[in-house]
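Read off the chains here:
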Amino acid sequence: MATTTTKSAFRKGLVDAAPFVLVIIPFSTLFGILATEAGLNVFETLAFSVVVIAGAAQFTALQLMQEHAPTAIVLASALAVNLRMAMYSASLTPYIGAAPLWQRALAAYVTVDQSYVCAMAQYEKEPDMTIRERMSYFFGCVTPIIPLWYLFTLVGALLGTQIPDSWALDFALPITFLAMIAPMFRTPAHIVAAVVASVAALATAGVPYSLGLILAGMAGMIAGAQTELWVERRADRAAS
Amino acid sequence: MIDKGTLWFVIIGLGIGSFGLRFVFTGLVGDREMPAWLLRHLRYTAVAILPALVAPQVLAPAATGGQFDPARFTAAIVALAVGVITKNVLLAIISGAATLYGLLWLLG
Chain A
10 MATTTTKSAF RKGLVDAAPF VLVIIPFSTL FGILATEAGL NVFETLAFSV
60 VVIAGAAQFT ALQLMQEHAP TAIVLASALA VNLRMAMYSA SLTPYIGAAP
110 LWQRALAAYV TVDQSYVCAM AQYEKEPDMT IRERMSYFFG CVTPIIPLWY
160 LFTLVGALLG TQIPDSWALD FALPITFLAM IAPMFRTPAH IVAAVVASVA
210 ALATAGVPYS LGLILAGMAG MIAGAQTELW VERRADRAAS
Chain B
35 MIDKGTLWFV IIGLGIGSFG LRFVFTGLVG DREMPAWLLR HLRYTAVAIL
85 PALVAPQVLA PAATGGQFDP ARFTAAIVAL AVGVITKNVL LAIISGAATL
135 YGLLWLLG
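So the protein lines, in turn, are chains A and B. For the first sequence, the working numbering assigns the number 10 to the initial residue and increments by one for each residue that follows. For the second sequence, the working numbering assigns the number 35 to the initial residue and increments by one for each residue that follows.
Keep in mind that the hints were calculated from the coordinates and are not lab data. Computed from a predicted model, the values in this text were never measured in an experiment. For each residue, glycine too, the CB sits at the ideal point set by N, CA and C. Some hints here could point you the wrong way.
Derived SDA-like pairs (lysine to any residue); straight-line CA-CA distance at most 25 angstroms [said to hold, decoys possible]: (1) K21(A) x V118(B); (2) K38(B) x A81(A); (3) K38(B) x Q171(A); (4) K134(A) x A115(B); (5) K21(A) x K38(B); (6) K121(B) x I34(A); (7) K134(A) x L72(B); (8) K134(A) x G61(B); (9) K121(B) x V24(A); (10) K134(A) x L125(B); (11) K121(B) x A130(A); (12) K121(B) x T152(A); (13) K16(A) x D65(B); (14) K134(A) x T15(A).
Have a look at the derived ranges for each label pair, beta carbon to beta carbon [as the list claims (entries may be wrong)]: (15) V164(A) x G100(B): 39 to 49 angstroms; (16) I111(B) x P156(A): 28 to 38 angstroms; (17) W139(B) x V240(A): 40 to 50 angstroms.
Given only the sequences and the hints, what does the whole structure look like? Please build it.
In structure tokens:
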């Protein structure tokens, strides 16, 4: 389907990202609950989500602050978990790098796993989109996500400690990430990247301050890139 | 109890840092051409980082104190399998959640 106007690109983004609503609500609620359990008041909890908007990094920071880790370690670890945002930023650049600066700044603020996944899938599928359509699509993607992130952090904070552990909300995060990854396994290189990254993450679990995650991510990216090169070379040889 | 000064320092520091990470390439590189080798690696960012984030949680969940948990492990496998087969994110999440609750209930 060709997106012809910026308005329809916005609407398409909104529709494509709508399923993530069911992801955002439990995550942000969970953060609100855990933050108030850790002793933050409602305003502090909400401010955390509005200023940072990064689930995994927020959970990491919260965990380490509860353990009274040094502030520098708290920041470094949470930012390490968020280093993937720099990689997202880099991979979005070829698609939206030509947009006006204020739009890029706004897009940066709302770049999260869901908006990134959503936008990249669309940009790869329809390489002919104009910059304006791409930005409209991107902002369409974040429209159902970000306001709910704020709202349900607030709901979680207000619910506070009333939700029992037996609800196992802790596992909402891994299940969601797995569900998000699965449709991305388009080529052997994607699968190799995921497998190598998973194994490397387990092997580097002992590396302090979440740096194992970064190492594992890099290992997966290198494995994916090398597999892509190998497959290309083999196709070239078969063709000649 | 978390110290209030530390808390606000972390919130603001993490906010600025996270924005910096998100803005570093789109903002500063802009529409300048990036080398092919870099783009080739960036294609595999999401598909590498997210599994790396999840794998330790699947095998050693924090909620069970790092002990392997059959319910959480099976739920993860089901979510991944349904996602691969159907390409439907929402269906994969629902299948995984249903498996998790079903097994937690069965295994008590």
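Hint-by-hint comparison with the structure:
1. K21(A) x V118(B): Given pair K21(A), V118(B) holds - Cα atoms ~23 angstroms apart, limit 25 angstroms.
2. K38(B) x A81(A): holds (16 angstroms)
3. K38(B) x Q171(A): holds (24 angstroms)
4. K134(A) x A115(B): holds (23 angstroms)
5. K21(A) x K38(B): violated (42 angstroms)
6. K121(B) x I34(A): Distance ~22 angstroms between K121(B) and I34(A) Cα, so the pair holds.
7. K134(A) x L72(B): holds (20 angstroms)
8. K134(A) x G61(B): holds (24 angstroms)
9. K121(B) x V24(A): holds (16 angstroms)
10. K134(A) x L125(B): holds (22 angstroms)
11. K121(B) x A130(A): holds (12 angstroms)
12. K121(B) x T152(A): Distance of about 23 angstroms is within 25 angstroms: holds.
13. K16(A) x D65(B): It holds: about 24 angstroms lies between the C-alpha atoms, which stays within 25 angstroms.
14. K134(A) x T15(A): Holds: K134(A) and T15(A) sit about 17 angstroms apart, inside 25 angstroms.
15. V164(A) x G100(B): 39 to 49 angstroms: violated (30 angstroms)
16. I111(B) x P156(A): 28 to 38 angstroms: Holds, at about 33 angstroms.
17. W139(B) x V240(A): 40 to 50 angstroms: holds (44 angstroms)
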